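Student: Residue numbers (the numbering used here), protein chains in the order written: chain H, 1 to 350; chain U, 1001 to 1350.
No wet-lab data here; the hints were simulated from the structure.
Worth double-checking, as some hints may not be accurate.
Lysine-lysine pairs mimicking DSSO-like chemistry, simulated, CA-CA at most 30 Å apart [what the hints assert, rightly or not]:
| # | chain 1 | residue 1 | chain 2 | residue 2 |
| --- | --- | --- | --- | --- |
| 1 | U | K1073 | U | K1010 |
| 2 | H | K10 | H | K348 |
| 3 | H | K73 | H | K62 |
| 4 | U | K1093 | U | K1259 |
| 5 | U | K1259 | H | K341 |
| 6 | U | K1341 | H | K341 |
| 7 | H | K93 | H | K62 |
| 8 | U | K1229 | U | K1093 |
| 9 | H | K10 | H | K259 |
| 10 | U | K1341 | H | K348 |
| 11 | H | K348 | H | K232 |
| 12 | H | K82 | H | K36 |
| 13 | U | K1348 | H | K348 |
| 14 | H | K259 | U | K1073 |
| 15 | H | K36 | H | K93 |
| 16 | H | K341 | U | K1010 |
| 17 | H | K259 | U | K1341 |
| 18 | H | K109 | H | K259 |
| 19 | H | K93 | H | K109 |
| 20 | H | K284 | U | K1284 |
| 21 | U | K1109 | H | K284 |
| 22 | H | K348 | U | K1259 |
| 23 | H | K55 | H | K82 |
| 24 | U | K1284 | H | K259 |
| 25 | U | K1036 | U | K1010 |
Source: prediction; values computed, not measured.
There are 2 protein chains.
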Amino acid sequence: MSLNNILNTKCEWLSGDGPDCDIVLSSRIRLARNLKGIPFPNAGDYRSNNEVLEKIFRVLRKTSFFKKGLVAKLSEMSDLEKQILLERHLISKEHLINRIESGVAISEKQDLSIMVNEEDHMRIQVLKSGFRLDDCWELIDNVDSELEQHLDFAYSPAVGYLTACPTNVGTGMRASIMLHLPGLVLMELINKVMQAVIKLGMTVRGFYGEGSEVLGNLFQISNQVTLGKSEKEIISNLNRVLNLVVEHERNSRQLMRQKNEARLQDRIGRAYGILANAHIISSKETISLISALRMGMDMGYINGIGGGSINELFIVTQPAHLQQSAGELLDAETRDILRAKLIRERLKQK
Amino acid sequence: MSLNNILNTKCEWLSGDGPDCDIVLSSRIRLARNLKGIPFPNAGDYRSNNEVLEKIFRVLRKTSFFKKGLVAKLSEMSDLEKQILLERHLISKEHLINRIESGVAISEKQDLSIMVNEEDHMRIQVLKSGFRLDDCWELIDNVDSELEQHLDFAYSPAVGYLTACPTNVGTGMRASIMLHLPGLVLMELINKVMQAVIKLGMTVRGFYGEGSEVLGNLFQISNQVTLGKSEKEIISNLNRVLNLVVEHERNSRQLMRQKNEARLQDRIGRAYGILANAHIISSKETISLISALRMGMDMGYINGIGGGSINELFIVTQPAHLQQSAGELLDAETRDILRAKLIRERLKQK
């Protein structure tokens, strides 16, 4: 599969289905792994990093996971292509700006990706639509086991997997859920709930991960602790906490419907009206309005638009995807015009 | 014709036709007239004011102008009914809050109204759709001549008609035009043009006349001088100046279309999208969005909505009209919900 094929294929994790998909956009697990006896990427030199890259690529090309997928060096990609992988959450921002020898492997369905020489030698990621941490774990555990047969991972019996950053030592695992919580935000309960979540040992982030602001009422909640617990314990703990958050969100939406339905419908209606009729729109405004539209759809106020189409809009309206579909680099103003056109057309099809 | 009939009939001046109706909403002329030898309303007492009211009402009831119209005392009307006449620009705010014996006469088409005992004994007003000061003058001159046959007006051969406020002495006439100038506003040329208009002896006001703020890019321009010039001179002077303003507005719209069409379409599209989908909307926001919608219609970006329907929306979405159509008094929040519903329904019919 060429990079171009990847770019022109929908991500499975945006399909808008799976358990609790009215509230949970996607589930994600990543594992940090390093090769024994070789410096971490940022401590290594060209030679050692290149050695890691070649070694890992040889193994990845042999496994079944990427047979119909892509295994490629970042140096072979254009800035736009890398930006698209970022917008699809298949690589991280750090990986994009990294100047050392690095690469990425992406499965055909784009539910599995491996960054080579990001902060660690390998960052293995599984991303799925809906509330499906267990499914993510099943797949990533398989991948990890198979790779371990061919690669010698840095591992200490006392603490577990060794990683470049001490916060990842142990399982090397971070599991996270992207939640859409407009009900809690509108009912002004979000801070209370998030404080509880943090007290229970979780981390809360925005749409683009670490350090990103909360846009469109999208919250990423992940485990803080990677050490001293098994992967399954961490996941079951997350599942327990997140089930409570999902329930709180559902109650808030119900409460809004009962107590202030006009205000709710107004928010949803205006979002739809602007998206379906604007001729210039920024990606920030787009995310915020699509968030309201998604709530309208999930609550039955907007019909005829699928959850998958809405989730996809989050991604295809982003700068690199827009430029990719236009076939050329565009300035911000032209992108805002093109984005509005794309959204109008998609919503007209409903 | 009962007051209820009036309330349920469309105003002719909102029909959205007439010369330059893409820019000129309406033309209006009013004459101030007082009866000789009787104190002005605010200087008079119950007896003298009542005498004026009875005397004028007797004459008005005899004329042909109000045969199918209405001649009624304000004391016989509810607050809501008076508020509706205000929203239709058939009486003034001063007349509404006036506590002295007063009345109003309204023609069947609502293009002619006479306030009795506002600031002067009589304020005769003709209001027509489009740029038609000459037509307004023809009708009001007829009305004035007929009334003069039955009533003895306070008149001085040296200065002309005498009025309660010295600024009206002479012709007692004020002629005004309601203009929709979004092009000049968006191209930031409005201040320059309005300063020129003021230098040429005109007065500029907002949608609700004296002291009102400019809403929805609607500007009322009228003659400042009432003394030392004939009515026809004043009108022809106004026509000359206003033709220039209309031309400037048309050029600005053309320029916007050429230079920044996306921004123009964005403004119009968002206005339409919000109006057609909101569930709560204030009358202020309504006026501003209808203004953009009207521009879109006048410039051919929005089709299938008539100018008359748009102009009518300016009026029927106002508080008293909303309450009238609901058949009950409503609080502000309920009005905002009802207003949004009305607008959604009207725009769906397009």
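Student: Checking against the hints above, which ones are violated?
Tutor: 4, 9, 11, 14, 16, 18, 21 and 25
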